[in-house]
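Colleague: Construct the entire structure; sequences and hints are all you get.
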Amino acid sequence: MEFTILMYLVPAMIMFGCGIYGFITRKNMIAILISLELMLNAVDINFAVFNRFLFPGQMEGMFFSLFAIGLAAAETALAIAIVINVYRAVRNVDIRQLTKMKF
Amino acid sequence: MESLGSIIAYFIIAIAIIVFSVLAVTSGKILRAATYLLFVLFATAGIYFQIGYEFLGAVQIAVYAGGIMVLFVFSILLTHKPGANAPRLENHKLWLGLSAAVLGAGVCLYSLFEYGSMMVSRMPDNFDINIHQIGQALLSTDKFGYLLPFEAISVLLLACIIGGVVIARKR
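Quick note, the sequences are listed as chains S and P, same order.
Numbering-wise (my numbering), the first sequence opens with residue 1 and increments by one.
Numbering-wise (my numbering), the second sequence opens with residue 1 and increments by one.
No lab work stands behind these hints: they were computed from the structure.
Among the clues, some could well be false.
Cross-link-like lysine to aspartate or glutamate pairs, in silico, EDC-like; alpha carbons within 16 Å at most [what the hints assert, rightly or not]:
| id | chain 1 | residue 1 | chain 2 | residue 2 |
| --- | --- | --- | --- | --- |
| 1 | P | LYS143 | S | GLU60 |
| 2 | S | LYS27 | P | GLU90 |
| 3 | P | LYS81 | S | ASP94 |
| 4 | P | LYS29 | S | GLU60 |
| 5 | S | LYS27 | S | ASP94 |
Modeller: Put into structure tokens, the structure is as follows:
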């Protein structure tokens, strides 16, 4: 048995599908953030795997995953600061209660 | 032909990714969902190690498992009652999410299996990326150098730290 490119792309795709499902159905802001992390992670796997299988002499996909991981860290830190601030204001992180800024 | 150990490792990683990512979005308790996300991130690092990107796997473990998960656990413990269950979903929302996920996955799977055969099927062997090359590429200004994005992301992280402090501070 040999490792093919599909064997890595299919789990990443299932991970991305789970992220979409959680992003739509979850009602908790932190759970939505967790789903977002799942989707970002699946895309990082795709970058690295395409780089390794199709262009093994270069490092572009690897660097893209590297910078995506850094961006995800920054985005998560800021989003969690916002979540804590929202919790301080309305004592809740349920998105159905956060209707104050809807027009 | 791969060795038996790497095949077993691959199947453990793949099954862990599938099972734990499903559990992470369906689990009712939010702290458990975060723990399942941690397992998914570790399995992803396992994939990076297996295809030969040791540096990427180490960054994945250090940044995600070490940094982001701590943030998640802290914010969950700050904003939730321990052991609280998520309320049950409404039916139409569940079907909307399920159909969006399954439709997207179906389109991707169809195109993968329809057109994936023209990709290189096995992993190329000629592969030697060491940490020396990675460091040279990260800090060079040549054709395949990444100095500008490297500096841009460091400025972004600084802005993010300041933004986080400004947003979350007590007034």
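Colleague: So which hints don't hold here, by number, going up?
Modeller: When the structure is compared with the hints, only number 4 turns out to be violated.
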